[in-house]
Each structure stands twice: as structure tokens, then as C-alpha cells.
Amino acid sequence: MIIGTCLILLNVNISVAQQEFDRKNIENAMVKAVEWQEQHPIFGSEPTDWTNGAYYTGVARAHKATDNMVFIAALKTMGYRNEWKTPSRYYHADDMAISYPYLYIHNNQLRKDLVNLEPTSTFINKHLFEDSDWKQGKGDKEFKTILWWWCDALFMAPPVIVEYSNLKNDRKYLDAMHKYYKQTYHLLYDKQEHLFSRDTRFLLRAKETDLKEENGKKIFWSRGNGWVLGGLALILESMPKDYKHRDFYVTLFKEMSFRVKELQGEDGLWCTSLLSPESYKHGEVSGSGFFTFALAWGINNGILEKDQFENTVLKAWKGLVTAQDSSGKVGWVQDVGYDPKPASKDSWQNFGTGAFILAGSEILKLRLP
Amino acid sequence: MIIGTCLILLNVNISVAQQEFDRKNIENAMVKAVEWQEQHPIFGSEPTDWTNGAYYTGVARAHKATDNMVFIAALKTMGYRNEWKTPSRYYHADDMAISYPYLYIHNNQLRKDLVNLEPTSTFINKHLFEDSDWKQGKGDKEFKTILWWWCDALFMAPPVIVEYSNLKNDRKYLDAMHKYYKQTYHLLYDKQEHLFSRDTRFLLRAKETDLKEENGKKIFWSRGNGWVLGGLALILESMPKDYKHRDFYVTLFKEMSFRVKELQGEDGLWCTSLLSPESYKHGEVSGSGFFTFALAWGINNGILEKDQFENTVLKAWKGLVTAQDSSGKVGWVQDVGYDPKPASKDSWQNFGTGAFILAGSEILKLRLP
Amino acid sequence: MIIGTCLILLNVNISVAQQEFDRKNIENAMVKAVEWQEQHPIFGSEPTDWTNGAYYTGVARAHKATDNMVFIAALKTMGYRNEWKTPSRYYHADDMAISYPYLYIHNNQLRKDLVNLEPTSTFINKHLFEDSDWKQGKGDKEFKTILWWWCDALFMAPPVIVEYSNLKNDRKYLDAMHKYYKQTYHLLYDKQEHLFSRDTRFLLRAKETDLKEENGKKIFWSRGNGWVLGGLALILESMPKDYKHRDFYVTLFKEMSFRVKELQGEDGLWCTSLLSPESYKHGEVSGSGFFTFALAWGINNGILEKDQFENTVLKAWKGLVTAQDSSGKVGWVQDVGYDPKPASKDSWQNFGTGAFILAGSEILKLRLP
Chain A
1 MIIGTCLILL NVNISVAQQE FDRKNIENAM VKAVEWQEQH PIFGSEPTDW TNGAYYTGVA
61 RAHKATDNMV FIAALKTMGY RNEWKTPSRY YHADDMAISY PYLYIHNNQL RKDLVNLEPT
121 STFINKHLFE DSDWKQGKGD KEFKTILWWW CDALFMAPPV IVEYSNLKND RKYLDAMHKY
181 YKQTYHLLYD KQEHLFSRDT RFLLRAKETD LKEENGKKIF WSRGNGWVLG GLALILESMP
241 KDYKHRDFYV TLFKEMSFRV KELQGEDGLW CTSLLSPESY KHGEVSGSGF FTFALAWGIN
301 NGILEKDQFE NTVLKAWKGL VTAQDSSGKV GWVQDVGYDP KPASKDSWQN FGTGAFILAG
361 SEILKLRLP
Chain B
1 MIIGTCLILL NVNISVAQQE FDRKNIENAM VKAVEWQEQH PIFGSEPTDW TNGAYYTGVA
61 RAHKATDNMV FIAALKTMGY RNEWKTPSRY YHADDMAISY PYLYIHNNQL RKDLVNLEPT
121 STFINKHLFE DSDWKQGKGD KEFKTILWWW CDALFMAPPV IVEYSNLKND RKYLDAMHKY
181 YKQTYHLLYD KQEHLFSRDT RFLLRAKETD LKEENGKKIF WSRGNGWVLG GLALILESMP
241 KDYKHRDFYV TLFKEMSFRV KELQGEDGLW CTSLLSPESY KHGEVSGSGF FTFALAWGIN
301 NGILEKDQFE NTVLKAWKGL VTAQDSSGKV GWVQDVGYDP KPASKDSWQN FGTGAFILAG
361 SEILKLRLP
Chain C
1 MIIGTCLILL NVNISVAQQE FDRKNIENAM VKAVEWQEQH PIFGSEPTDW TNGAYYTGVA
61 RAHKATDNMV FIAALKTMGY RNEWKTPSRY YHADDMAISY PYLYIHNNQL RKDLVNLEPT
121 STFINKHLFE DSDWKQGKGD KEFKTILWWW CDALFMAPPV IVEYSNLKND RKYLDAMHKY
181 YKQTYHLLYD KQEHLFSRDT RFLLRAKETD LKEENGKKIF WSRGNGWVLG GLALILESMP
241 KDYKHRDFYV TLFKEMSFRV KELQGEDGLW CTSLLSPESY KHGEVSGSGF FTFALAWGIN
301 NGILEKDQFE NTVLKAWKGL VTAQDSSGKV GWVQDVGYDP KPASKDSWQN FGTGAFILAG
361 SEILKLRLP
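Residue numbers (the numbering used here), protein chains in the order written: chain A, 1 to 369; chain B, 1 to 369; chain C, 1 to 369.
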């Protein structure tokens, strides 16, 4: 019946229009977040540190998803002001994070002399192929026994190394990365819980001094696991499909994704202590943003089943946008740290903004409901 | 009759109040545009490049017209961060553009050691008086046969040279400028159309490979001609009244002004392809801003007849302000390029903002209707 | 009676809630002022000059009072961009002012290698212990006969020196400061009026050429005295309670405070010429901000009687907030200068914003009405 057909077409058009409307809202939220963050520059030790590394990784992904000039303008200005330098601790994965946006800008601008990749190259080669105290188990603290002795490192360095390996078309970088990644995996991954301990201080050794939550559970930090899962999405996107160890990362990504999904709160967000939400009873944005990014990326790239994860990520995004105020500021971000601590409406950090826009950059690509 | 006289006086007062109100609105639009642009720094190759040269030329003129501290604050911060440097391609007119705002700051601040004019001096002297491949017709592309082989160059370098000539009180700089200006004029100016081709690729040579619009017309790029006409206003304002070649510039300014006036669109703006508005059917802000600036400057400086041009420029300004959104952002700016291409509500560039405030800086001085 | 008790408790609760509400409003006004100022960077000669020294001293005190990250983010970014340098005129008190925020950041960040105090140390030691023309009475102008020959200097250098003395735990710095402070005191302090002349040009020598206000009164500049009184609050807060000359500063602080209180205008603010408010009949924000800061600090630190000064400072704050527009901009600030001149709604300066937030930082600590 002709009238019926017309109605169906009309419905489709409304739905498409609604989709466009929703996408524009998401992009606007991302733009406002970046505009606010650019107006409130912050760092821990210096502007090239991991806090900005993580933030501008988000800006790079936001640009990739939208092509909005606000994002590339912020990236170029940042890189130029930093003179494309890295911090100087070649043994420290944190100091490699800023090279992710550098490589993005290099790969996405016609002007090939814009980015000076020399400092990035030097850093990666020294980090992977020169001796250092940590590699030799001689860190200044007893728990610094391997190169990547804390789980955050799996976001800071591996995605950069995969991108660099592609650029150089040389898998020796992938192989070196895999070696160190596996060390961290064996040290910190809990094969029952499918979550990472932040570092060996949080492993249980059946001693009285073991650190535990008040409810007796092991301490699994939301942001720490967000670093790992978000990092895995970045790694998998760039890693050649035929790389010999790729399956290891796919499996790990899936295991963690299913576990993380189970731990989502009613508000769509994750509390800072994954197995003890009662410790600080509010969603936290940095960990939640990284989880949302990773799960949505998994759907968009055919690694996670849409039917199983779509509700999770849409609910998560709904929660995330409530953390943004009308100025664009993204709150409810736990401060710099290494274990679960509370956040508040007013606590913000550049890397929290980064997690927020990373999430948005993949939510944009979903077929919205 | 006394009552009648009173009424007339009253009308005058209302009109003066209205004028002030309108002027304040124009200045506010300019301030908002600059505030937005300062919060979204952008460049092509580096912060001293021509994109910022053109933008900060607009900021300098905005300050000259209003004395508003927002403008001089932005100028000083820019100059200090750039260490008053130019880019390093001494043969390239584009790289001289940043010196226009440097010279403006120098001329308008009491503190005479604020601006370091050394890099500007070096650039100008090398550009004009040292050999280069382009001067010798040995450019890397066949159309690079003279120093200023593209019409944009006539905005980038000549106004700076005239200012510098005044500062040094030495007309050798004017003479050198005139020599190169005439070369470009002979190469690219269409004496029938009274418009400039962007470069020799757009000249017609009666060959099959000639580039033409779909309607068969010659390709005259709006922004390209905006660079020339806007540059002429800057040149004429600074050039000594008794300079021997001044008439050449006055004549050219008038010829182009009358032609440009004819090509204005219904919305007050100019399309990116001047003789083929049907190619991209929307006003474009960078070309339109430069035209508006130049025509209003012509009225304000007694070179163009007010009766003949006032409606054009007021209609143009009305069009330009519709391109600014509530955040202050000026959209509808064609991206970096060299021939007519479309723009959109969301396409912005620092030089587009520069064109917008250049226009405002002269509209402010009109006796408004 | 039980019901009565309940009502009293209820009233107390309402009052506490109101207090919190008012405090949040004050903090918000301070945050908006700093956000606006950060978006409109300005300086006189360079970003490390006294204008930013005074502004970021305000930002430091705002952070101390609120712990709001917006303030510490601005401070760290400023210090990093300035490479923790001072300007280079070691003989000039103005060029020491930027070290107040440097020392604050150093004292308030866990990361002790963040701030490089080397340039500050060099400056202070040269300033105090090396010869200079001013110390020897050989300034380029006849009135430059002592190190701190103008009263503004008493804000620019002494608070920094006291902080540095504490850091080094060495009172030789305090003693040197006291020596030069007393020179200025003897030269410029009017023991009848309890106010400072800006410099010797404004002293009366019973000559025809003496500078006076139109009403015949001596010229006492609001901001000049604001520098002194605000500086005294900073000095007294940091100076050891047992320092041998402390009483001198307490006495001077009290004398000036009582005099300043008498000169407050109806709108809560002070005019630029303290004894000739009819010269420019409007409150001016930089002087008023420094006065408000100092008087509120005096109450909060038990040096001034609350009963005698609370109305003054609350009225002053009420006046100050009317100078802030909805964008956050603080207007009614007299431009850079050295004697009373008018301001306007649109006249702003970074040090005016600094005075505004300094005032807020102490108003916050009052028990509000």
C-alpha cells in the first residue's frame, strides 16, 4: 500500500535527522570540553608530561572522528609550543605519551615538515633498546622491578610504539613492545578477576600487610584499568592484522571488556574502586571515559558484539555528559594518583577531559538508538 | 519658526545617540571576534606565518580605530611570544606579512625598546635587494617566474615595505617595491576585467588546457582580489602623498573598486568565484571582508565617492555580521587555498577573522545611516 | 523552652547556609576574574614584569584561600612559560614582584623541582647586596636618590624578601629589607596624614612649583598607598613574630589603616586622589582592591578590630563587585601611571584584577553578615 510505504520512508527520515541532531550534540559537547580545557592549561611536571599526553591523545581522536578544526588547531599549537619535545626520562613510559598526538599530527597534515619527530624517535629507541635501572630490576623503590611496573604504563607507551612501528615499517618495535607488555601482564593481571592491579603493592600475598578494601576485596583502581583497556583499543586499531602476537591483545581486550561491563554503576559510570563501589559512591569520569571509549571502539571495530555492549556504552555516555557543566568543564575526575580516591563535581584534570572526548569520539560512530 | 528648529535639533541628537549605539555594536563585534580567535590559535606552518600576519594586521587596524586595550594586549602577547621573528624564507612575500603588526606596535607604543625590529629589517633588505631563484625566474614550478608571482603577495609584502620606508625615511624601499609591484601587475592584471588572476595558471592562452569556470568565464578568485584591493588601501594610507608613483596605485585602486562593487551579491557578500557566483552560491567572508575594508577606506579617505559606495559597504557589513555566531566565531571563510572553493557556516580561519575586523575598523569611521 | 531552642538552632543553620552561599559567590567572582584575565594576557614591558607580578600575587593568594585548581593551573602555566625568570634590572624593585608567585608555587607544590628559584635568588642577592646607581643617589632623574625611591616599591620587593628570608632561614635578608624600607618611610611618609607620597615630586617644599590638587591639598595617590598597605599585609603575614623590627610594620599598618578607612567613598571605593575625590568622582578598583585586601587581612589576623573595620571592608567588597561585568572583566582600573588619573568602566589591567582577587581572598575568611 502506497500510503504505508510513505510512512515508513518518513520514519526513516526522522530517524536520520534525529541521528544527525544527536551527533551534532555529541560533537558540540566535545568541542566545549576542549575549548574549556585549552583555556585552563594544566600539567603535573611540564606541558609535555603524561597528563597532556593523555589529553591530547583524546584531542587527536576527536579530530579523527570529526575533522573539526578546533581540535587540529589545539593540537598544532600544543606541538609547536612544546617544540615537539618529549620529557627527558627515557626510562619512563609516562614520558612517551605526548608522542601519540605528535605522530597523529604528522600522519594527518599535508605539510610533512611541520612535526619534528626526532625527539620522539630518540625517546622510543632509548626506551626500548637501552639499559635502564628499571629494566634491570634496580628501581629506587622495591616494586620497580620491570620497565612497565605499573598498569598505567600500558596506555602511555604501547600505542605510541605501534604507531611508530607502522611509520618505520619495522616490527622490531612491536616485538620489543610485546616483550615488555607481557612482563606487565604476568606481574599485574589477575586471571580470575580479569583486571589489573595498579602495581605490586596491590597484589595479595596472604600477609597481614596486604592492602585490601574495607569489604575485604582486592583493590582494583578504575582509572588504572581504564588506562589498560583504553590503551588496548589504541593498540589494536594500529597493530597490523597479521602481527603474530595480535591474538594475545584481542583476547585480553575481550576478557577485560566483559568484566568491566559487569561493574558499571546505575548511573552508567564506574566508581574509583571497581570491587568496592561503596568506598566512594559516585561515578568517576576518567576511568569511565576510558572504559566507554574502549567498549564503543570494540563495537565499532567488530571485536565486541553490538547487542551485548551497546546499552552499556550508551548508558555510560549518558552518565558522562552529566559531569560536564554549562561552561564545558568536565568534573568528577579523580586527581593525579595511583589508587582509588574520591572525586567531586569540581575536580577536573586535563586527562579527564581527554577521557571524555575519547569516549565521545567512538560514541559518534555508533548507530544511535 | 522656533518650534521647528527645536525639532530639528532633537532629531540630530537622536541620530548622534543612534550613531554611538551602532558604533559600540560594531566595536563589540570586533572584540568578540578577536577574543574568540585568541582562544583558538591556529597557523599553517608556524605562528609567524602569513595567516597570522593577515589576522594581526586586522587586529592592529582594529586597535588604531578604537584604542581598545583588548586589541593591543593581543598584539603585544603575539609579538613577545614570536620573539618578533619572521619566518625564514627571505624570498617569500608571505613571510613578510607578520611584520605589519610588528611595525604597528613599534609605532604605537611609548616603550621604544619593546619591539625588536632587527628580524624585520633583515627580512625586508634580503627580500628586496638579494638575489633569489624567483627573481631570476628559476622557481621550482614553471609559474614562479617573478618575485611576486601570485596576487596574494601584493597584500603580504608591499604594505610592510611602505611602512618600513617611512620609518627609515628612505624611498629606496618604495622604489624597489614599485618595481616588483609592476611586474606582478603586468603579469596578472586583466585590463578589461579590472581584476587580478591569482597566478599564471589562471591566465587564458587560447589553449585547450586553459582553466575556466563552467560558464566559460575566466577564474577570478574573490580572496585573491581581496588581498590586492585590501593591500592597496594599506599601501595608499602609508605612502607619502608626493611619492612619484602614487598615482599608479590610486588609479588601480579606483578601477578595481568600481569592478568589485558591480560583483557584490544580494546578501552583501561576494562569492568565491567572482565571475561565476553560481559555482558556490554563498557569500564568503575573507574576500568580502577585504573588499569591504578597502571600499570603506576609500570613502573615508576621499578616494571613492561616498554617494557611489556607501550603500555597498553598509550592505556588505550587514552581510558580514551574519557570519559571526554568538560565541564570536566568524564562519563562512574559505580554507587556505589558491582558487575558488566553497566555505561553510563552520569554516573559520584566523585570516578570515582578520578580514572581518579590518572591515569593521573602517565601517566604524563612516557616518552611519 | 524547647521550641525556642529549636528556632535558634534553625536560625544558625540558615545563617551557615547563607554564609556558604555567599562564600561560593565570592569564589566564583574571583574565578571568573582570573579566567577573563588569563584569556586577555597583557604586560607592560614583558610577561615577567611588575604588572604580572602583582596580578599573580593575587592569584597565589586566591589559591591559598580557596585551593581552587583554576588558580594553581594559571600559576604553574605562567611560571613554566616564564621559565621562572625575573626581568633583568637587578636594581629595580618592580622586577622582583614576579618572584612572589614563584615562591608561592614552590612552597605549595609537592614537586620540589618544579620551580627553578635560581633567577629569584640571584635577583634578591644582587638587589640587596650589590652597588647600584640608585643606592648611591646617582639615578638618571634627580628624584631617584635611594633604592626604593617610589612608594610602589614597598609592594614589589619587601614581601618577596620576607618570604625568601623564611625559605633561607636567614634574617640578613630581613635586616637589609628593613634598612631600605626605613629609607623610603623617612623620605615619603607623611606623619600627619598617615599616607605616602608617591615619590619626592609630590612632597611640598613651600615652593611655587609644588604639585598640589586644585583644592590645595597634597597629592596622595590611591593606588600608591594601596601598594604600601597591601604590601604591609603580605610582609606582616610572613614576617616572624619575633623579628626585632616587626612592631614598626604593625604600627605603620595600623596608622595607615585608620586613615584609609576615613577616606572611603559612599560607594565603598576610594577615588584615585585620596584627598581630592572631586578630581575624578568615581571609585577606582586597583587602589580600592589593595585597601580592601589589607583591611580585611588586618581583621582576620587580629591586628585591626573587627568592630571598627568590618563595615568598611564589606562595603568595599560590595563596591568592588559592581566593577566586574558579566564576562568576568574587572573594570574601573586606572592605567599604568604614577599619580591620580581617571578610570572608566572599560579600563582594565592585570594588576587591577590582581587587586580584586586579593580583596576577595580575605573577604572569604570574614564571618559574613
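For the record, the hints were derived by calculation from the structure and aren't laboratory data.
Do not take every clue at face value.
With a straight-line cut-off of 27 Å between C-alpha atoms, the simulated BS3-like cross-links for lysine-lysine are [stated by the list, open to error]:
id, chain 1, residue 1, chain 2, residue 2
1, C, Lys112, B, Lys112
2, A, Lys144, C, Lys112
3, A, Lys365, B, Lys112
If you only want the chain B side, here are some residues facing chain A, beta carbon under 8 Å, derived [claimed, not checked]:
id, residue
4, Phe43
5, Ser238
6, Pro240
Restraint ranges, calculated between C-beta atoms of paired labels, are given here [what the hints assert, rightly or not]:
id, chain 1, residue 1, chain 2, residue 2, range
7, C, Asp170, A, Asp335, 32 to 38 Å
8, A, Arg201, C, Leu167, 29 to 35 Å
9, C, Lys112, A, Asp175, 49 to 55 Å
10, B, Asn25, C, Thr322, 20 to 26 Å
11, A, Asp175, B, Asp346, 26 to 32 Å
12, B, Asn108, A, Lys141, 39 to 45 Å
13, B, Ser344, A, Glu278, 49 to 55 Å
Since the structure is predicted, the reported quantities are computational estimates derived from the model, not experimental observations.
For glycine and all other residues, C-beta sits at the position ideal for the given N, C-alpha and C.
Here is how each hint holds up against the structure:
1. C:Lys112 - B:Lys112: violated, 39 Å
2. A:Lys144 - C:Lys112: holds, 22 Å
3. A:Lys365 - B:Lys112: violated, 55 Å
4. Phe43: holds, 7 Å
5. Ser238: violated, 31 Å
6. Pro240: B:Pro240 check fails; min Cβ-Cβ to chain A is 39 Å, beyond 8 Å.
7. C:Asp170 - A:Asp335: 32 to 38 Å: Holds, since C:Asp170 and A:Asp335 (Cβ atoms, about 35 Å apart) stay within the stated range.
8. A:Arg201 - C:Leu167: 29 to 35 Å: holds, 34 Å
9. C:Lys112 - A:Asp175: 49 to 55 Å: Hint violated: Cβ distance 39 Å, outside 49 to 55 Å.
10. B:Asn25 - C:Thr322: 20 to 26 Å: holds, 24 Å
11. A:Asp175 - B:Asp346: 26 to 32 Å: Violated: the Cβ-Cβ distance is about 44 Å, outside 26 to 32 Å.
12. B:Asn108 - A:Lys141: 39 to 45 Å: violated, 58 Å
13. B:Ser344 - A:Glu278: 49 to 55 Å: holds, 50 Å
When each numbered hint is compared with the structure, violations occur for hints 1, 3, 5, 6, 9, 11, 12.
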